[in-house]
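Please arrange chains B, C and D on chain A, whose structure you already have, making use of the hints.
Here is how the chains run, residue by residue.
4 protein chains.
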Amino acid sequence: MNYSASDLDRIVKDIAEEMKERTDRGEVASYIPELARVHNSAFGLYVIDEAGNVGAGGDFDTPFSIQSISKVFTLTLALGKVGDHLWRRVGREPSGSPFNSIVQLERERGIPRNPFINAGAIAVTDVILSGHQPREALGEILRFMHFLADDESIKIDENVASSEQQTGFRNAALANYMKSFGVIDNPVNLVLGVYFHQCAIAMSCRQLAMAGRFLAHHGVNPSTGMHVVPAERARRINAVMLTCGHYDGSGEFAFRVGLPGKSGVGGGVLAIAPGKASIAAWSPGLDAAGNSHLGRVALEKLSKRLGWSIFGG
Amino acid sequence: MNYSASDLDRIVKDIAEEMKERTDRGEVASYIPELARVHNSAFGLYVIDEAGNVGAGGDFDTPFSIQSISKVFTLTLALGKVGDHLWRRVGREPSGSPFNSIVQLERERGIPRNPFINAGAIAVTDVILSGHQPREALGEILRFMHFLADDESIKIDENVASSEQQTGFRNAALANYMKSFGVIDNPVNLVLGVYFHQCAIAMSCRQLAMAGRFLAHHGVNPSTGMHVVPAERARRINAVMLTCGHYDGSGEFAFRVGLPGKSGVGGGVLAIAPGKASIAAWSPGLDAAGNSHLGRVALEKLSKRLGWSIFGG
Amino acid sequence: MNYSASDLDRIVKDIAEEMKERTDRGEVASYIPELARVHNSAFGLYVIDEAGNVGAGGDFDTPFSIQSISKVFTLTLALGKVGDHLWRRVGREPSGSPFNSIVQLERERGIPRNPFINAGAIAVTDVILSGHQPREALGEILRFMHFLADDESIKIDENVASSEQQTGFRNAALANYMKSFGVIDNPVNLVLGVYFHQCAIAMSCRQLAMAGRFLAHHGVNPSTGMHVVPAERARRINAVMLTCGHYDGSGEFAFRVGLPGKSGVGGGVLAIAPGKASIAAWSPGLDAAGNSHLGRVALEKLSKRLGWSIFGG
Amino acid sequence: MNYSASDLDRIVKDIAEEMKERTDRGEVASYIPELARVHNSAFGLYVIDEAGNVGAGGDFDTPFSIQSISKVFTLTLALGKVGDHLWRRVGREPSGSPFNSIVQLERERGIPRNPFINAGAIAVTDVILSGHQPREALGEILRFMHFLADDESIKIDENVASSEQQTGFRNAALANYMKSFGVIDNPVNLVLGVYFHQCAIAMSCRQLAMAGRFLAHHGVNPSTGMHVVPAERARRINAVMLTCGHYDGSGEFAFRVGLPGKSGVGGGVLAIAPGKASIAAWSPGLDAAGNSHLGRVALEKLSKRLGWSIFGG
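First to last, the sequence lines map onto chains A, B, C and D. For the first sequence, the positions run 1 to 313 when the numbering used here is used. For the second sequence, the positions run 1 to 313 when the numbering used here is used. For the third sequence, the positions run 1 to 313 when the numbering used here is used. For the fourth sequence, the positions run 1 to 313 when the numbering used here is used.
Incorrect hints may have been included.
DSS-like mimics (lysine-lysine), calculated; alpha carbons at most 25 Å apart, straight line [said to hold, decoys possible]:
1) Lys13/B with Lys304/B
2) Lys276/C with Lys20/D
3) Lys276/D with Lys304/C
4) Lys301/D with Lys276/C
5) Lys301/C with Lys276/C
6) Lys276/B with Lys276/A
7) Lys13/B with Lys304/A
8) Lys301/C with Lys276/D
9) Lys301/A with Lys276/A
10) Lys304/A with Lys276/A
11) Lys276/A with Lys304/B
12) Lys20/D with Lys304/D
13) Lys301/A with Lys276/B
14) Lys304/A with Lys81/A
In silico negatives: residues of chain A with every beta carbon more than 12 Å from chain D [to be verified]:
15) Asn159
16) His218
17) Gly275
18) Ala289
Label-pair restraints from in silico Cβ distances [what the hints assert, rightly or not]:
19) Asp185/A with Glu21/B: 35 to 45 Å
20) His85/D with Arg305/C: 19 to 29 Å
21) Thr167/A with Pro230/C: 51 to 61 Å
22) Gln133/B with Trp87/D: 49 to 59 Å
23) Glu232/B with Glu50/A: 19 to 29 Å
24) Glu136/C with Arg22/B: 50 to 60 Å
25) Glu108/A with Arg88/B: 25 to 35 Å
26) Thr167/A with His132/D: 21 to 31 Å
27) His39/B with Glu108/C: 34 to 44 Å
Quick caveat, the hints were computed from the structure, so don't treat them as lab data. Positions of the beta carbon are idealized from the N, C-alpha and C atoms, including for glycine.
The shape of chain A in the complex, shown without the other chains (with noise of 0.2 Å):
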């Protein structure tokens, strides 16, 4: 679909008018007491094409914690550091799970399924942690947030970092299972250590828009020129998250959104249009399955608005 650029900040604001006025928001995580706290009637939604035109509505510009989000980012990260090795200790089918499913580890031993499921997402920050200190690794990550969304006010909300780390005895049960099987290599408190911060790492719609446009546009960011990753990896993050960035909620995204996107409990999503556009969207209220409610609602609407599905425009 052709449009202009003031078509495209209109359609985003008539969307997030619609959802700001729903009552149908879903339940906001409460087994993180940190993000219990955030209130249910916020909505953000951010889109960015290719040409930079932007599309803003809602609380766009409130941070809010990315949570698994920043799995797409530590997935990236690693691939980086070790390549196609990666998928040694993680593989890419969609689990057929909820997020935290220890069952699969069992039947696979200790092999997580996706770098999107919580064990996978361990796996993937271990590599990362692999020859560093976690304050290092960590500083790491968040630099290259930095780097990939062009903004260094980018950061880690210590209040939630602190609180998952208090109550993450399930990512403690993932990681030692892995660590059984030989799967994670550094300490296990370690790697939570790093894996709870960077789930606590907050970022606006837009923020999270900017830094995912790598993955819209062959492995380039548009805005910086900046190389992050050649096309095929872009490709094939994007064919990750389409088929497991939403959990058990994947084949329904895939069915109502046609895009790919990697959903957090914070009630964030990020989606990418290959080709067209990257998008984030943030409802704090959570599905049954463990993702934003409205934030798929309204990805949905854009979606057809614009006809970006990668399905069939």
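Using the frame of chain A, we list chains B, C and D on its own:
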């Protein structure tokens, strides 16, 4: 990527020749006696784009047993009959399990995860059968194939059908299991009779690619101009193919090929490049997940050469 | 504990009266229509010790559907036919799953965990059927019951048998699943026909306790003096009853009652006090694990009053 | 069976000699480095009956790591502390799974199936720890062993304890997983510290058989006359040992040996002949289910020779 009609044919023929010579051919399915007789040296590839340009290589005109690829067409038929009510009895999430797993059915009280695993396809066939005699239902499926491919020569291979019927105990288990939860309406043996026959439809790559054109082009078959389904439904079927079309190798196919596709144990694969082309490949040797090995390899090469990945051209 | 013949009868009658009055009676099985008709007010208890002393209370002479208790007798028959070869196709470990679970079969490639879950019992019936027509196999089972109980009036309730046959989809799933792994030799529908009829045998507590005497007394029925099985086989059948006889409530029955026992969804329980007595209880209301609720309560009281627990008198 | 004191010793010595010579010895556990050092030629057997008659053969006085046999004693201690409240956080059904399976915990929301799989034993240790420092809890466990065996020389092998601590990732996974469901009250690392030390208690067959006497004799240790538990509790602990004491080999042990028993990966087995005797066997080589191979063989022979099976003498 821009290409001329002769480019397309050249690329397809190059790939077909390369595939003919490869020695890593996978294993021909042995669990159905009639399928085990096929020679593993066969390879066919057929592409037809929106303008009607064709690329055809190898054994593209030899009929083979389409097996599970039939699930795409029965899904389309059943959606035509009952619309989104279908999703009450079949999910649309990747299963994370082999194609004939019964574990998932127990966990989810008889509701199959998606229409492309065996259990889901049997439930879809049950919908098509309702209100009909098996012979009528089969006639309807076959006429639908004639209509889609614009080719009345497409037939059911009765030897294959009866070969399946004699050894289809696993499918009988799945069907009876769903019946115990009330997910199947009709008598189990009648549903299975239709199911085994639909799997035994024999088609060539050319016929299969023709039949899939509506999925590539907003629900319309450009050869005949017939509206098969609304554009949104075509997109959604593509989405289910992408996330669920290759059983427990769906993530891998998305990662490597980047196109919605559906495989069958006969070695066929139907792949859709939305807005661009309909593609069929055939090589009888299967990989560990039960998908055509060289079929996938050829589609990966084709997708790369033409820049057709839906995840970024 | 020492007791006189009149003590035994007094104790049994006391317990039966107490059970008659209790209001916590569990739920009558509803999945087989014919079973759902039984009144939940029924209760029977019958004990016969080595010397032939009898305790009898409540509806001890009313026939009921023995259902899964038949599995004890078909196991005995099949071991008589093929001896320890039987254990090649059926395990003898507790399943840790409900009686009709199919998950375990997938994990263990079609070999049922033990002969007292449905899958295992169907595999045992397949052994009895081999080389026979279903009618002959059923005749053999029935004659074995007549021989064991020394009572030719024991019959199959055809209404119950046909009621099971009409709704036995879950069992058909289990049988087809095992057949797909080659664990079942005979045609599935014939095996199921015999299985549904053996489950529909109707017996009173008195008849059941008589039939079980050989298990309490080294393989010999003291009433008739007939050697049914060697002493070691009787011990081993008792062991399987203790660990597997109450599905996913086997641990609870061992913990509370302390006797080998086998329950049926008709509300019956056969319990064995090795060296001491054979016992049958009947109360149609079931607990969550599908075992007779008051049957278990009564046996717990009886075992305590008489000091018959095998875990320390 | 009646036997004289010298008969008993002769039988035990015969069996021990036979075991010493057998070449089918199983594999010594290798997952804890310190355990892997034990020579597989060792074999010990010790029996003490109600009257105090003793049978002793082989290496019956050599201490070995009791490992999971400690679970019997911590269960006894925890029941003494909180009584039947314990069963709110631990089940008593056989698991149908290996000793360290985490799948079952996911299905049953963090409640372990029984106190003799690792998860259940860790939950039991958590109960003992509550209100104490780890050092105090360990002191209490060790004093309890001294009291039961009437032997203050029993110690913890610190090398084994630290060996377990370094490699206990699977147990750390189980504990963290239960903690995530609130089944564990105390800090995970403290609970595991106590657990690893209790498993590292070193005892000889003689000491172990002495410590188990209360289970054979209505809760009273006939050596000391001390009442350890009420008779009913002793019976119930025996019942749990029978159904759950050998992990996924519990059915097999009941079938062959016919006695309540608890094994440890150090190769020890404690077996109870209720009303008759307490028995300990030791042979470091394990079978596929992780239980002492020759320990089981020896107990099967002993039980047959003396007619001690609880399923019919």
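How the hints compare with the structure:
1. Lys13/B with Lys304/B: Judged against 25 Å, a Cα distance of about 15 Å means the pair holds.
2. Lys276/C with Lys20/D: violated, 38 Å
3. Lys276/D with Lys304/C: holds, 19 Å
4. Lys301/D with Lys276/C: It holds: about 24 Å lies between the C-alpha atoms, which stays within 25 Å.
5. Lys301/C with Lys276/C: The hint holds at about 16 Å.
6. Lys276/B with Lys276/A: holds, 17 Å
7. Lys13/B with Lys304/A: The given pair, whose Cα atoms are some 37 Å apart, is violated under the 25 Å limit.
8. Lys301/C with Lys276/D: holds, 24 Å
9. Lys301/A with Lys276/A: holds, 16 Å
10. Lys304/A with Lys276/A: holds, 14 Å
11. Lys276/A with Lys304/B: Distance of about 19 Å is within 25 Å: holds.
12. Lys20/D with Lys304/D: holds, 19 Å
13. Lys301/A with Lys276/B: holds, 24 Å
14. Lys304/A with Lys81/A: violated, 37 Å
15. Asn159: holds, 21 Å
16. His218: Holds, since 41 Å exceeds 12 Å.
17. Gly275: About 41 Å separates Gly275/A from the closest Cβ of chain D, which puts it past 12 Å; holds.
18. Ala289: holds, 17 Å
19. Asp185/A with Glu21/B: 35 to 45 Å: holds, 41 Å
20. His85/D with Arg305/C: 19 to 29 Å: holds, 27 Å
21. Thr167/A with Pro230/C: 51 to 61 Å: holds, 59 Å
22. Gln133/B with Trp87/D: 49 to 59 Å: At 57 Å between Cβs, range holds.
23. Glu232/B with Glu50/A: 19 to 29 Å: holds, 25 Å
24. Glu136/C with Arg22/B: 50 to 60 Å: Given range 50 to 60 Å: holds, Cβ gap about 57 Å.
25. Glu108/A with Arg88/B: 25 to 35 Å: holds, 32 Å
26. Thr167/A with His132/D: 21 to 31 Å: Hint holds: Cβ distance 24 Å, inside 21 to 31 Å.
27. His39/B with Glu108/C: 34 to 44 Å: The hint (34 to 44 Å, Cβ to Cβ) holds, given that His39/B and Glu108/C are roughly 36 Å apart.
In summary, the numbered hints that this structure violates are 2, 7 and 14.
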